[in-house]
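Q: Go ahead and model the full structure; you've got the sequences and the hints to work with.
Quick note on numbering: the sequence shown equals residues 1 to 630 in full-length UniProt numbering.
Check the hints yourself; a few may be wrong.
Simulated crosslink set (DSS-like; lysine-lysine; CA at most 25 angstroms straight-line) [what the hints assert, rightly or not]:
#, residue 1, residue 2
1, Lys196, Lys345
2, Lys126, Lys345
3, Lys126, Lys314
Cβ pair distances, simulated, as ranges [unchecked claim]:
#, residue 1, residue 2, range
4, Thr267, Lys324, 42 to 48 angstroms
5, Leu549, Lys416, 24 to 30 angstroms
6, Ser547, Phe497, 24 to 30 angstroms
7, Pro95, Asp161, 17 to 23 angstroms
Keep in mind that the hints were calculated from the coordinates and are not lab data. C-beta atoms are modelled at their ideal positions from N, C-alpha and C, and glycine is treated no differently.
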Amino acid sequence: MEEKKFDLNTLIGFLLIGGILLWMLYQNQPTPEEIEAEKAKTEQVVEESTTSDIQNTPVFESSITTENTVNTSDSLAISELQNRLGSFAYSSTLPSAKEGTTIVENDVLQLTVSNKGGFIVEAKLKDQTQYRGEPVYLIKDGNNDFNLQFSAENRLLNTRDLFFEPRISKNGENQVLSMKLKTSESAYIEYRYELKPGEYMLDFNLRTQGLDGVIDASQPMYLDWNYKGYRQAKSISYENRYTRLTYEFENGDDHSKLSPTGEDEETEVDVTWLNFRQHFFSSMILTDTAFKEVKFTSEDLVKDEEVDTLFTKKYGARMLLEPKGGALAYDMNMYYGPTDYQIFKTYDRNLDEAMPLGWGLFGFLNKYLIIPVFSLLSDWFPAGIAIIVLTILFKLLLSPVQYKQYVSQAKLKVLKPELDEIKKKYEGNNMKIQQETLKLQNIAGASPLKGCLPALLQIPVFYALFTFFPTAFDLRQKSFLWADDLASYDVVAELPFHIPFYGDHVSLFPILASIAIFVYMMMSMGSTMQQQQQPGMPNMKFLMYLSPLFMLVFFNNYASGLSVYYLTSNLITIGIMVVIKNFIIDEDKIHAKIQVNKKKPKKQNRFQRKMAEMMEQAEAQKKAQQKNKK
Numbered sequence: 001m002e003e004k005k006f007d008l009n010t011l012i013g014f015l016l017i018g019g020i021l022l023w024m025l026y027q028n029q030p031t032p033e034e035i036e037a038e039k040a041k042t043e044q045v046v047e048e049s050t051t052s053d054i055q056n057t058p059v060f061e062s063s064i065t066t067e068n069t070v071n072t073s074d075s076l077a078i079s080e081l082q083n084r085l086g087s088f089a090y091s092s093t094l095p096s097a098k099e100g101t102t103i104v105e106n107d108v109l110q111l112t113v114s115n116k117g118g119f120i121v122e123a124k125l126k127d128q129t130q131y132r133g134e135p136v137y138l139i140k141d142g143n144n145d146f147n148l149q150f151s152a153e154n155r156l157l158n159t160r161d162l163f164f165e166p167r168i169s170k171n172g173e174n175q176v177l178s179m180k181l182k183t184s185e186s187a188y189i190e191y192r193y194e195l196k197p198g199e200y201m202l203d204f205n206l207r208t209q210g211l212d213g214v215i216d217a218s219q220p221m222y223l224d225w226n227y228k229g230y231r232q233a234k235s236i237s238y239e240n241r242y243t244r245l246t247y248e249f250e251n252g253d254d255h256s257k258l259s260p261t262g263e264d265e266e267t268e269v270d271v272t273w274l275n276f277r278q279h280f281f282s283s284m285i286l287t288d289t290a291f292k293e294v295k296f297t298s299e300d301l302v303k304d305e306e307v308d309t310l311f312t313k314k315y316g317a318r319m320l321l322e323p324k325g326g327a328l329a330y331d332m333n334m335y336y337g338p339t340d341y342q343i344f345k346t347y348d349r350n351l352d353e354a355m356p357l358g359w360g361l362f363g364f365l366n367k368y369l370i371i372p373v374f375s376l377l378s379d380w381f382p383a384g385i386a387i388i389v390l391t392i393l394f395k396l397l398l399s400p401v402q403y404k405q406y407v408s409q410a411k412l413k414v415l416k417p418e419l420d421e422i423k424k425k426y427e428g429n430n431m432k433i434q435q436e437t438l439k440l441q442n443i444a445g446a447s448p449l450k451g452c453l454p455a456l457l458q459i460p461v462f463y464a465l466f467t468f469f470p471t472a473f474d475l476r477q478k479s480f481l482w483a484d485d486l487a488s489y490d491v492v493a494e495l496p497f498h499i500p501f502y503g504d505h506v507s508l509f510p511i512l513a514s515i516a517i518f519v520y521m522m523m524s525m526g527s528t529m530q531q532q533q534q535p536g537m538p539n540m541k542f543l544m545y546l547s548p549l550f551m552l553v554f555f556n557n558y559a560s561g562l563s564v565y566y567l568t569s570n571l572i573t574i575g576i577m578v579v580i581k582n583f584i585i586d587e588d589k590i591h592a593k594i595q596v597n598k599k600k601p602k603k604q605n606r607f608q609r610k611m612a613e614m615m616e617q618a619e620a621q622k623k624a625q626q627k628n629k630k
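A: Following this line, the structure appears as structure tokens:
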């Protein structure tokens, strides 16, 4: 057997050959400039390979719009797509899954859905116009971003960057648009939109098929929705005041909202719907399967009301999804339409909780009394007349308590001479004046509290109406006299400058309402305020001037419909007071009745006895302190 020996020459030969190969590789490596040029070329090929078109196909009043078509068989582009997208590169090789949009519409809503990302890029309300007379677009020019983020094959992917294959069909009278992001013909992510005739609400289904081995269900999956609300009203500050992110929890009884000003964020669990509200319009997502966790964000974009800002709020919602058995299956709805109580109630999903109708009793009065009555009146009368009729009806409803208020005021007026005598008799002794004043008022049955109580009973109705008018969609773009829109301010003069809190215009309805309020307060308080003023108590006469001033300044930018209500309400009240004073209440008879009551023993109730005891104790302490000083 031949002995194997180490061959030095062979080793040297291999080393020389290796050195030559390394030298050749070094000499032929591309320069940095060549690397950048090749990278740019590759990216261009990839971009072109994902940009193609399908023919315009109008089906069921819908259309699919397209642009350029290029050959996608370039091996470099396919390789790059596979490296970047993995199995989802398959979708970008399909002829119809390229740049383009698909339109679905009915008689009130038109939606444009992009093939890239598969989400809505334009939402137009066909039956509404904004303050300049232009169509209302809730989504347009990139203000909406909708994205599903997930992990697949060691990659983090975002559907906003991928191309879906559109297919439109019909389900009865409903239009159906299926957008599929495919890894094969039988494996895909699907967004399914179904729009019914005459509806602002559409069905939206998100599901996966055949992707159990592709999508990594162990990693979190998020549905991100980011949105900026377009300005739609003449007064951006007024519109922005009622623009707010609201949402509901799974039990349906709890609702919450983010701050309407500044920046705010909250992370909530078990959310069933969320509303990116824009005063009179809403963009919503509703889900049958509650989102396990949602991070909400809101940013106020109106930094200066003097600036003609395009957007009001910037909203965000990051929704955590839960795959079941490795697959996604969420049945949802989307709503793009008016923030209208009557429309919201038809869906039986507590959507009215997204509206600022007031809490507790105030909201109850709005939902079950004021809104139904006004809706009925609106069917019979123009909006401005309906407001006047509504005001008259509620004045009649509250007339019994108002009558008691007027009688109490008349009694206090009759007692003025005796009250003045008490002040003169015990001048310098405020505690004694209070004791004797309350004693006289109790005997005469003319306590100021009896006049305040009827006023307090009217507050829930007044506040409910105050919250109703700014949210009444039926008032939007309805004219009355010189006001062209009862849901916005009326203008009788433009100012060449801006006044803080007041604005750059003059509204007439707030001026008239301020005058009416002042006259009413002069009649109800002017003659009795000072005479019932208790020593040591603050002078409330300033209310006669504060309330009209408040109306004049702050209501200049409010809805003119609200000012019409206050004007009408106070004019009716003034008329009622004049009638009661001159034709119903006889002050001589009241005075005679008081004198009779003074002769009868008057039993004090528990509260009155307690007040008397407290005053007597205070008087005794005061005397003791004065005695100690001496």
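Q: For every hint, state whether the structure bears it out.
A: Evaluation of the provided hints:
| no. | hint | verdict |
| --- | --- | --- |
| 1 | Lys196 with Lys345 | 17 angstroms, holds |
| 2 | Lys126 with Lys345 | 22 angstroms, holds |
| 3 | Lys126 with Lys314 | 24 angstroms, holds |
| 4 | Thr267 with Lys324: 42 to 48 angstroms | 23 angstroms, violated |
| 5 | Leu549 with Lys416: 24 to 30 angstroms | 28 angstroms, holds |
| 6 | Ser547 with Phe497: 24 to 30 angstroms | 27 angstroms, holds |
| 7 | Pro95 with Asp161: 17 to 23 angstroms | 19 angstroms, holds |
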